[in-house]
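Trainee: The letter at position 280 of the sequence shown is residue 280 when you use my numbering, and the numbering goes up by one with no holes.
Treat the hints as calculated values from the structure; they're not laboratory data.
Here are the computed lysine to aspartate or glutamate pairs in the EDC-like style, where the Cα-Cα straight-line distance is at most 20 angstroms: (1) LYS121 <-> ASP88; (2) LYS183 <-> ASP216; (3) LYS147 <-> GLU211; (4) LYS219 <-> GLU269; (5) LYS239 <-> ASP187; (6) LYS183 <-> ASP275; (7) LYS78 <-> ASP89; (8) LYS147 <-> ASP245; (9) LYS183 <-> GLU82; (10) LYS171 <-> GLU135; (11) LYS219 <-> ASP271; (12) LYS71 <-> GLU135; (13) LYS147 <-> ASP217; (14) LYS171 <-> GLU97; (15) LYS219 <-> GLU278; (16) LYS78 <-> GLU135; (17) LYS233 <-> ASP202; (18) LYS239 <-> GLU269; (19) LYS78 <-> GLU97; (20) LYS183 <-> ASP89; (21) LYS233 <-> ASP255; (22) LYS71 <-> GLU97; (23) LYS130 <-> GLU97; (24) LYS78 <-> GLU174; (25) LYS171 <-> GLU161; (26) LYS55 <-> GLU7; (27) LYS147 <-> ASP88.
Between beta-carbon pairs, the in silico distance windows are: (28) VAL140 <-> GLU43: 35 to 43 angstroms; (29) ILE303 <-> THR192: 29 to 37 angstroms; (30) SER220 <-> ASN61: 58 to 66 angstroms.
By construction, the Cβ of each residue, glycine as well, lies at the ideal position given by its N, Cα and C atoms.
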Amino acid sequence: MVGKGIEVISGGYNRVGELGPGQSIPISFLIRAPTETGVYFPEVWIRVSEGKSLKFPVPVNVNSEVLIQQKPRISILKQLPESVVPGDDFTATVILENSGQLSASNLRITVNSSTSSITSKTPSTIHIAKLGPGEHYTAVMEFSTDKRSPLGLRPVNLVLEFQEPDGSYQKQVETLGINIRGKARLDISQITTDPVRIKKGDQFTLIIRIENTGTDDAKSVDATIEIPVSGTKEAFVGKIEPGNDAPAPFNLQADQAGDIPYTLTIRYEDDYGTDRIEQELHLNISSTDNLAMILGIVLVLLIAGIGGYWYFFRRKPGTGNV
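Using the sequences and the hints, build the whole thing.
Mentor: Written out as structure tokens, the structure reads:
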């Protein structure tokens, strides 16, 4: 801040940081009023990259009877979600407050999304008849996003128009900065075994393919199973990109037969932190006795079929066979 007759005690900011569309950051300055009365206009100087700068005068009235021109002053407070997953709906709350000395009338808010991946579910135009000094109005807006929305900060423009007491119209443009951030979602795409048919006493490999149906990489993926047979019960998968899958193999020993229940647990990381999913599954292991019985039944049916074929199709008439 440059004083212009006002003593600035503290409040210089060498580096504020990066600001995306629709984002803001509060800053404060400590000043000392001069001994002489009057209206002073210290300036806030803002410098950005590429040599661009902005100077904004701030009126300060020091015991002066001179009135600064009164008018409505509409401030906009935006309440947005920290982030939005592509394909999800979200809510944006916009609060208008008249911090001026006079009323504003015929207010109109128009929503203009600058990207086709974000669409408004509520009316894109809101009308407010009047907003008096100290009054506020809350508008709740619903939006939907496309699952293929580009990641990053996506702007949605708000255009505010209102009428002052003298009949003139004012226009303000605000930006809602929507942070689109992908999220991994894991599921099972396929379960197979090698060999396909397992009988008691066999060594076999259980292969569970894990797919990422989300919109961000799933990192450090590992899978474990709780199953009442011996063998390797943990598999490290690594990274699974969106739309891809990867195998989690488990080398096991068929210690028992029957319909074996087991629990699969998958752990992974994405930009939202660590997460896990659990799923109850079943594995069928045949006993050796059942296999022998099934083979015996198949053999009997095969012999019966051959005999029937010979009797009806191969037997010659007049042989005496009845």
